[in-house]
Amino acid sequence: MNGGDAAVRLLLRLKWRGFWRRQARRLRTGKGLLLALPGALLVVWWGAAFLIPSERSPLAARLGPELTEGLIQVLLAGLTLVTFANAFSFRGLYIPASEIETLFAAPLSRPALVRMRMAITLLRSAVGAVFGGCAAMRLASEPLFGFAGGFVAFVWIAVLGQGLSLLLGSAENRVAALFAKAPVGLLRSAGIACTAALLYGLIVEGPDMSPLTRSPLDWLRGISQAPLLGALLAPFWPFARAVAATSAAEFWPAFGGAVAILGASLAAVAQSTVDYRETALATSAELARRLARMRRGLGAGGVQAKRLPLSWRTPWLFGRGPFGAIAFAKSASILRKARAGVVFAVMVMAAVTFFASRHVERPADAWGAAALVAGFGTFYLTLGLRYDFREELDHLGAIRAWPLASWRIFAATLAPQVLLVSLFVDAGVAFVLARAGEIDARFALLALAVTLAVSVWVAIDNIVFLLAPTRSAPGNDGVLQNAGRSLLLGMLRSLTMLAVVAAAAAPSLVAIQIFGAELDFAFGIGAASALAVLGACAVASVALGGWALARFDVSRER
Amino acid sequence: MTSPAQAPPALVVRGFTKRYEAFVAVQDLAFEARAGEILGLVGPNGAGKTSTLRSIAGVLPVASGVISVCGHDLALAEQAAKRCLRWIPDDPQPFEALTIDEHLEFTAALYGCANWRPQADELLARFELSEKRDALGGELSRGMRQKLAMCCAWLGAPQLVLLDEPLSGLDPRGIRAAKQAILELAARGAAVILSSHLLELIEALASRLLILDRGRCVFVGTLDEARAAFPAQQRGSLEEIFFAATGGGSAPQA
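Protein sequence lines correspond, in order, to chains S and C. Quick note: the first sequence, position 23, residue 23 per the working numbering, numbers continuous. To convert a position in the second sequence, counted from 1, into the working numbering, add 558.
Okay, chain S solo, but in the shape it has when bound:
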């Protein structure tokens, strides 16, 4: 061994020890222990779902070994495709941002760092592979063979992903010399489009293989007989054969082959001499940004703000005063960082609205469909279009110095998100009602109710966040505590919103059920009470949000 392998091994040992020390320290405090309990319950429940044998016979018994192999090959190929697509996003070698400068400046050879990364990849993928193996157990005729084959397959795919990342990083460096800015996004989109077209052509348009016209079994048979797909799936055969084996005589040669492929892949990647430094730095910085977003409970996307054409001006939707200024800053963030998210959310809402409106046969059904769109839209869009205090964790110190009452800062920060979500939901509701010719004064009441409900839900979500601002993300400490915390906070949020909705709906239900009121009368009572309750809750939640913001302890950054 050379190139600092001893130092790398020492570092790995120390990191491993440090990882367990930190987990143990978290369990020493009452809070850590308390939060770990629901987290552990979640993990046990999740693990049991994999491990407890199903009463149904394993899939392999129903499909037969040949088709089981084919199915597993297709599944592994799909997983590999996803892994490869990820490799496009994370080219080079991933080393955490906090370590990369030190390690790159240290007297360590590049292959030594690759080996270090491979060791970590193997450890991490082994955890995932245990679950993959358990899933394979449920497919297989012989659970032990299924687990072993599945485990090795999952580890192999992770190793392949790392290898491809390195190759892509190297290729990008060479291409970058020819093209100053390689359109990686465009190339990736083109690659995905080509793959989709190929699969569509093979699977749907192929004469004997369409799953739309034939049974799944025939489709699988067709795949196993198609020469091109057979060639593409061949590398997965030893793994699939090991999972589907019905006897030791079938299992051991296949498993030996799978282990040999894994070993050869590991050796090939570990010997890599690719100069990955520049791509690794970019990947590391990008992942650090994504992880920071995820730790705040945001999705990994929408990280980089994009410049808009200079002619585009961010609107001052809430006036030119201090309140409007805060909302303006938030609106700019939405416009520049979240366009892809907004477009995706619009597409989902459009699809749901279209689906809901298709099933409206009588005008009276339109209100049920509108309620469905309103409910789904409020829930989905407030999760999908999150532009709230999670984004402001780095700024909370500065925000606390702003000359505004904390409830006004709270309301101003959330106002653009509430407006955006309400507009989308109300547009969906309007479409459903308009298609059925049911647009009247009641729509205005429903639109107002939607806006208030969105306000309350967003406010509750942010109050909970301000009271407990850390979120779990890959690489975070305290997996159990974070899982437990997420479970408890999620339940708290949902129960609070459920109580608000129940309180808002109760008077009209009482009117209908007890007094047998006419529908219009019940609607009148229901609308008035719902608006009153939602309005009161919105005001109360803003006040509570102001309190949560005021008590937020910025010194926790220390």
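Hints are computed from structural coordinates only; laboratory data are not their basis. Keep in mind the model is a prediction, meaning the values are calculated, not measured. There could be a bad hint or two in this list.
[Claimed, not checked] Computed footprint of chain C on chain S; a stretch qualifies when at least three of its residues, placed anywhere within it, have a C-beta under 8 Å from a C-beta of chain C:
1. 138-144
2. 328-340
3. 402-408
[Claimed, not checked] From the derived model, a few chain S residues whose C-beta atoms are all more than 12 Å from chain C:
4. PRO38
5. LEU167
6. ALA231
7. ALA350
[Claimed, not checked] To be clear about the criterion: a stretch of chain C counts as covered by chain S if any three or more of its residues have a C-beta under 8 Å from a C-beta of chain S, and this derived list gives those stretches:
8. 611-617
9. 648-654
10. 668-675
Where a beta carbon is used, it is the ideal one built from N, C-alpha and C, also for glycine.
With chain S held as given, fit chain C onto it using these hints.
Showing chain C alone in chain S's frame:
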């Protein structure tokens, strides 16, 4: 214009104590900063400088003691107090998605600065950001973030400006521009509290000194008064006074 010594206090701190759970970061601190004065805040790492500044800025809650900004008690009239002051932390974080120009537009609206555009243009030119006015906050280097934070803090007519290591990341031209801007800010009547480990900077700019050590005030007054307070440093530089006041031994010989 009245001299700083005669001017009304822009900041009064009395009996201020800051705790982080069991750890006492600042204990029973009392001092004033008058309009037009630059108060140099110095102390070793962990002396409580940043905790003091963040508490004055209203970032950290004040659990014990009184902080009054321009006559407004921070505990009773927080927003009125905050309207008078600006705060630049040691590593300012601009909004990732706002351009430099929009940061100024935002700050003007936040603090109610009327007719701010000419002043903003002048500040951008002074800090060499005019060419970058369309750059996004997330694209700025450390030094540019510092310059942008200064532009925002200088906008309008702040009466109290709190600066924590304001020269970090600045190039030599930026350092010169920042020093000049701090002096002009004080000349316009603002009280400036300047926290830095660069003792030469404090010595060059500050009219008075506040030395903290382990959360306690060990000296407050002018440099001449410091020399009188530490007789062994009759002709000493601020560095020598600093070591004498904080018990760090004597400064290395030049």
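Now the hints, each set against the structure:
no. : hint    : in the structure
1   : 138-144 : violated (count 0)
2   : 328-340 : holds (count 7)
3   : 402-408 : holds (count 4)
4   : PRO38   : holds (26 Å)
5   : LEU167  : holds (30 Å)
6   : ALA231  : holds (46 Å)
7   : ALA350  : holds (26 Å)
8   : 611-617 : holds (count 4)
9   : 648-654 : holds (count 4)
10  : 668-675 : holds (count 3)
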